[in-house]
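A.B. asks: Residue strings, one per chain:
2 protein chains.
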Amino acid sequence: MGLKIAETCIYTTDLDKAEKFYSDLLGLRLLKKDKDRHLFYKCANGMLLIFNPNHTNNVKTEVNGSPVPLHGTNGPVHLAFSIEADKYQEWKGKLIKNSINIESEILWSENVRSFYFRDPAGNSLEIIAGNMWNYT
Amino acid sequence: MGLKIAETCIYTTDLDKAEKFYSDLLGLRLLKKDKDRHLFYKCANGMLLIFNPNHTNNVKTEVNGSPVPLHGTNGPVHLAFSIEADKYQEWKGKLIKNSINIESEILWSENVRSFYFRDPAGNSLEIIAGNMWNYT
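Taken in order, these protein sequences are the chains called A and B. According to our numbering, the residues represented by the first sequence are 339 to 474, in order. According to our numbering, the residues represented by the second sequence are 339 to 474, in order.
Think of the hints as simulated: they come from the structure by calculation, not from any bench. Quick caveat, the model's predicted, so the values are computed rather than measured. Heads up, some of the hints might be wrong.
[Said to hold, decoys possible] Simulated pairs of lysine-lysine, BS3-like, Cα-Cα distance not exceeding 30 Å: (1) B/Lys342 / A/Lys371; (2) B/Lys425 / A/Lys380; (3) A/Lys430 / B/Lys425; (4) B/Lys398 / A/Lys430; (5) B/Lys373 / A/Lys342; (6) A/Lys430 / B/Lys342; (7) B/Lys432 / A/Lys342; (8) A/Lys380 / B/Lys373; (9) B/Lys370 / A/Lys342; (10) B/Lys380 / A/Lys430; (11) B/Lys425 / A/Lys342; (12) B/Lys430 / B/Lys358.
Assemble the whole structure, with the sequences as input and the hints as a guide.
C.D. replies: The following block contains the structure:
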């Protein structure tokens with residue numbers, strides 16, 4: 339009965355800026371796009387869906403005759419990505435080179451560190467190297 | 339350089355209600371809890387972090403001398419879980435038995451269907467059976 343996370347969602351009112359950021363800078367693979375409503379990205383272990391809340395919270399949508407429930411938030415969400423430990427400096431350097439401000443950097447334990455930055459909408463992104471969630 | 343999603347975040351101002359819902363009804367494993375700030379759950383393929391935005395967007399927090407950036411949203415987020423196809427009726431029945439309203443149900447394709455419901459904060463949850471994102 340275990341649940342997997344299939345879709346992680348964040349929101350922005352400017353999907354064009356989001357597309358440049360998530361496609362070109364972060365290198366995620368865009369699977370689907372509706373210029374007024376959403377960008378659907380594939381990550382290594384799931385989907386990242388970016389929605390325009392002005393649309394998803396207001397415009398009734400149906401799929402095959404059934405309604406898609408309304409949703410949409412305002413304010414910055416947090417979203418963390420993980421990478422292989424040996425890619426940490428490469429990722430950090432790439433973002434700095436592209437004039438992305440590194441808002442904070444945390445050494446969580448001897449072998450786990452992460453840095454924080456913002457997407458164009460102000461969402462708080464984090465890239466974690468190492469095994470942050472040491473569970474089995 | 340591929341990014342994995344490590345932490346999916348949603349928000350609620352009532353963590354007690356959220357804990358009952360996500361621990362007792364959905365059966366997620368609670369790894370960490372701060373009664374004023376967060377619930378950290380383990381899913382099969384990543385972490386679901388539930389934050390109180392009144393805290394995370396307002397109270398400055400540090401870890402090992404570095405600031406944790408502020409974040410927090412208002413409004414319902416969407417979050418989709420996936421399950422094995424043969425568990426669909428079992429999950430749907432369990433939620434109905436617990437007086438959870440099934441807001442919509444969508445047949446996406448011959449082999450993929452999902453149903454929608456709300457958590458106590460109004461976040462729009464979906465449980466998907468089958469391979470919604472047919473990529474490799």
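A.B. asks: Please go over all the hints and tell whether each is borne out by the structure.
C.D. replies: Going through the hints against the structure:
1. B/Lys342 / A/Lys371: Holds. B/Lys342 to A/Lys371 sits at ~21 Å (cutoff 30 Å).
2. B/Lys425 / A/Lys380: holds, 25 Å
3. A/Lys430 / B/Lys425: violated, 41 Å
4. B/Lys398 / A/Lys430: Within the cut-off at roughly 24 Å; holds.
5. B/Lys373 / A/Lys342: holds, 25 Å
6. A/Lys430 / B/Lys342: Cα-Cα ~16 Å, so holds.
7. B/Lys432 / A/Lys342: Status holds; Cα separation ~17 Å.
8. A/Lys380 / B/Lys373: violated, 33 Å
9. B/Lys370 / A/Lys342: The hint holds at about 19 Å.
10. B/Lys380 / A/Lys430: Within the cut-off at roughly 27 Å; holds.
11. B/Lys425 / A/Lys342: holds, 13 Å
12. B/Lys430 / B/Lys358: OK: B/Lys430 and B/Lys358 at ~18 Å, within 30 Å.
Of the numbered hints listed earlier, those contradicted by the structure are 3 and 8.
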